[in-house]
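Using the sequences and the hints given, assemble the complete structure.
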Amino acid sequence: MQIELERSHWQPEAERMGRAELARLQAERLRAQVERALASPFYRRLWQGVGPIDPADFRTPADVARLPFLHKSDLVDAQLRKPPLGDLPMSPAEERREVYPVHVVGGSLYTVYGERDLARTAEIGARIMWGLGLRPGELIHNAFGYGLFAGGISWHRAARAMGAAIIPIGTDSVKRQVEMLFNFRPVMLIGAPSHAVYLAERIQERGLSPRDIGLRYGLFGGEPGAGEPITRKRLERLYGCPAFDFYGVTEVGPLLAGECRLQQGLHWAEDHVLVEVINPATMAPCAEGETGVLVLTDLTREDMPLIRYWTGDMATLVTEPCGCGRTLARSPGGVRGRLDELVMIRGAKFYPVQVERVLSSYGTLADEYRIVLERDPATWLDRCTVQVEAAPGEFPSPALEERISRRLSDELAVDVAVQILPYGSLERSPRRVRIVDRRAGSGGP
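Be aware that the sequence shown starts at 1, since it is given in UniProt numbering, and climbs by one per residue.
Honestly, I wouldn't trust all of these hints.
[What the hints assert, rightly or not] Under the rule of at most 30 Å between Cα atoms (straight-line distance), these lysine-lysine pairs were calculated in the DSSO-like manner: (1) 349 - 82; (2) 233 - 175; (3) 349 - 233; (4) 72 - 82.
Hints were generated in silico from the structure; no laboratory data involved.
Pasting the structure below:
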């Protein structure tokens, strides 16, 4: 493919497609995917209560609502019945190229990709990086693991597809990471936002500044956070460059959406995946801009395509064209968290990001915090304590704890205690920990 270096989109024919043309393409690919699925014992079993299914009835993308949701538990059950992959795969075994485990509680789940599935992922990743300004020959530091985590090798392939160079360091030791970053001065850092913060703090402990690396872009995903203004500002303050968000889910595809330079939300690869946002209370589609659960349908995946997959991730969706010229639907603010991260305590419901917004408004506090949920052994009532660190060199008073406690209690509609701890008190790890729930197994009176 001939590349014009001044072009702002890697695949303008897809990224700037008219919405009507896109809807026709999605409907065509949805019909084909439903027809393929009807040959799968897995989908015939999953859809048996729906009634007769005719692919010709899927005339618009919205017709996907004729089908039931697909949950992770459905995949686990199928693979337990017929290990290791169940009866979903639609391509011959000789066409499979890679197998990945997916984290589940109390079981195992595997997903597989064929050759064209891997090429699709590389294509989407190249779109994202090109849209940020990366160009052939420029160097990327890839801090995602290269083991049984699909994100690391997917970004590696995306870099190869667009002609960029890459340091395939993965999750190697901090010492080695620092050595490579300062010796080779890459223009882009890719990794989880929590790992990037962890790495920056370790760099500062060595008397160095992450800003001196000279990064021009930070691209972060694998967990919620980079799309949230608070986390974004923290990353940008640490590294001195713009921080961009991306999203993927291993079961559907490790790279599915990413921000552009305007940071106005995740641009979805809608020619490859159909995106719904569903209200978890009513199970009806959300209006544009309303937060709900992401439900994804593979339109072009050949091996183990998932149709109406309930991700559990919370986001919004808007179709207004972006100032960058893309017409693909966006999720402003990225993924807001997971439905199962919703804290439910004494009738109140809130997400960690609501706590983070309050804490970030106090300059005497650091960024690290925990939401600790416990059960009072005397009353058997649930209680919530927010532990947060003081900023380095700060010694906040008990009066500040009380003020923050009142503000959080008003914001979250439940009593919240606050403990301000000395800087460095809370354990650091490459993976973010925000909720510590100690109520499980507490029993009752």
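Hint check:
1. 349 - 82: At roughly 39 Å apart (the allowed maximum being 30 Å), residue 82 and residue 349 break the hint.
2. 233 - 175: holds, 25 Å
3. 349 - 233: Distance ~26 Å between residue 349 and residue 233 Cα, so the pair holds.
4. 72 - 82: holds, 16 Å
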